[in-house]
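**Student:** One letter stands for each residue in the lines below.
2 protein chains.
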Amino acid sequence: MTITIIGLGLIGGSLALSLRQHGLADRLIGVEAYPPYARRALELGLVDEIEADLSAAVALAGLVIVAVPVDALLTVLPQVLDLLTDQQVVIDVGSTKSNLLAAVAGHPRRGRFVAAHPMAGTEYSGPDAAVRGLFEGKTLVICDAAASDADAVATVEALFRALPMRVLHLGGAEHDLHTAYVSHISHLTSFALALTVLEKEQRGEQRIFDLAGGGFASTVRLAKSAPATWVPIFRQNRENLLDVLDEHLSQLRKLRELLAGEDYAGLTAQLEQANEIRKIIP
Amino acid sequence: MTITIIGLGLIGGSLALSLRQHGLADRLIGVEAYPPYARRALELGLVDEIEADLSAAVALAGLVIVAVPVDALLTVLPQVLDLLTDQQVVIDVGSTKSNLLAAVAGHPRRGRFVAAHPMAGTEYSGPDAAVRGLFEGKTLVICDAAASDADAVATVEALFRALPMRVLHLGGAEHDLHTAYVSHISHLTSFALALTVLEKEQRGEQRIFDLAGGGFASTVRLAKSAPATWVPIFRQNRENLLDVLDEHLSQLRKLRELLAGEDYAGLTAQLEQANEIRKIIP
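Chains as they are written, first to last, in my numbering: chain A, 1 to 282; chain B, 283 to 564.
Since the hints were derived computationally from the structure, they do not count as laboratory data.
Treat the hints loosely; a few may be bogus.
In silico lysine to aspartate or glutamate, EDC-like type, Cα no more than 16 angstroms apart, as pairs [said to hold, decoys possible]: (1) B:Lys482 / A:Glu174; (2) B:Lys482 / A:Glu247; (3) B:Lys561 / A:Glu247; (4) A:Lys224 / B:Glu439; (5) B:Lys482 / A:Glu199; (6) B:Lys561 / A:Asp210; (7) A:Lys254 / B:Asp528; (8) B:Lys420 / B:Asp433; (9) B:Lys536 / A:Glu199.
With beta-carbon atoms standing in for the labels, derived distance ranges [as the list claims (entries may be wrong)]: (10) A:Arg27 / B:Gly408: 41 to 47 angstroms; (11) A:Ala146 / B:Gly548: 37 to 43 angstroms; (12) A:Glu262 / B:Asp368: 51 to 57 angstroms; (13) A:Gly261 / B:Arg309: 35 to 41 angstroms.
Note that the Cβ used here is the ideal one computed from N, Cα and C, for glycine as well.
Bound-form chain A, shown alone (with noise of 0.2 angstroms):
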């Protein structure tokens, strides 16, 4: 199957490679409106070839994937629905969903367009950031799959479950709460750790260099990660987002108090709470 990727970042560049590792792809073409990741994309061999026309791009495939932040996937996905016949497949890999699908509802080509996240990536971006088997045993969230036709849904499924990915449905508003709760707040405190350090330590990051161990460096990894990416994901999720956070605020807060209360007896029964992350998290 020839496929084309639009947008050749960290998670675009990484399903090329995985794709064509698993010989999932025999034709990879790549659609990059920056010119400079465009040619480290072919630099890289991360797609055979670029394609400056989207509908040159699209008739050649027989799956497009939208690999665009989740603000330019609003305008992009549509585009490429104008652009699908009823043997082509679409999907996205976008972060949130409710506005998306919201967005291409009442397409005529709304049955070829299938909701995916894969839930897998790191702090870096652009092509320089594609590593090879970044989605191997991860999940893959598929949703809203009812809107989508079923062959669709089934090309979708068997593609990620071969890279090996387990395939997870989910309904959009559903996806979007829950990923508040266990990406986009981890994302969000861990800029705010961060700027807290840099602000506390505005004299000292030879020290912070120094000191830095594992805890600290991978609490504070997030914090490396793209704005262009996260504030459009904070942007469209905002209202789960500032329910978790105002949760977490209070949840912050009540620390604070057993902190500045002295009440030792009560931090150790919220930090003992807080371990039962153990049975989820292994």
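Here the structure of chain A is known, so what remains is to put chain B in place on it, guided by the hints.
**Tutor:** Same frame as chain A, now just chain B:
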């Protein structure tokens, strides 16, 4: 040299492995108040023998390493100093220093004590958590070295440089300030994040498991840490921690206001500023 390690958990056990691996101890004696840990440390071969009597264990050693939680340190370290001769050296490996340094300031054997903090760890605890190579390439902070005898400092530096570790000298108060920023706050926010998600996903544990990618796992990893280790650290570094926690709450509230007010240019500017952490943690 015969080395006695008091406390055979993550840090004491991992040090035992490192010292043995680099041929730095020809005999390792363990002291461990919790019988199941003592038994397990022997089974794992972390130490050659367990000595129930503290004075016997200290008498045999050229170097004593006290690797107990920081609250217990305030009792155990003076006991060890009471038993020490001028030819022996004792170190702690605790995460807070000001209280400990104050507790032994007037001790007649103060010079034989070197306050040390190897900046390394994991979220696991007990002898089974001991891992080879935990300290390799990391930083050992030595605090208030001027209050220790020069030969004692030289012995400790030579030993840890051989692991190999880098040695950094800091004042005790300065150490506690910086570790609040680069270690203690990361743990506190991770505990709070776990509590947030557990609260929000009360009936959806399977969903967290299905959806959690690497980002979530890395930010909540520290929430698995032992309360018996961390509550005493938070307690002894309470003032610095409250100060950095207040800064963190203020940064989180700032991000919240930008998102609530839909100021996406402002939010982008904040995230770009957080990206500066890349310069420090590459």
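**Student:** Against the earlier hints, flag every one the structure doesn't satisfy and list their numbers going up.
**Tutor:** Of the numbered hints, 3, 4, 5, 8, 10, 12 and 13 do not hold.
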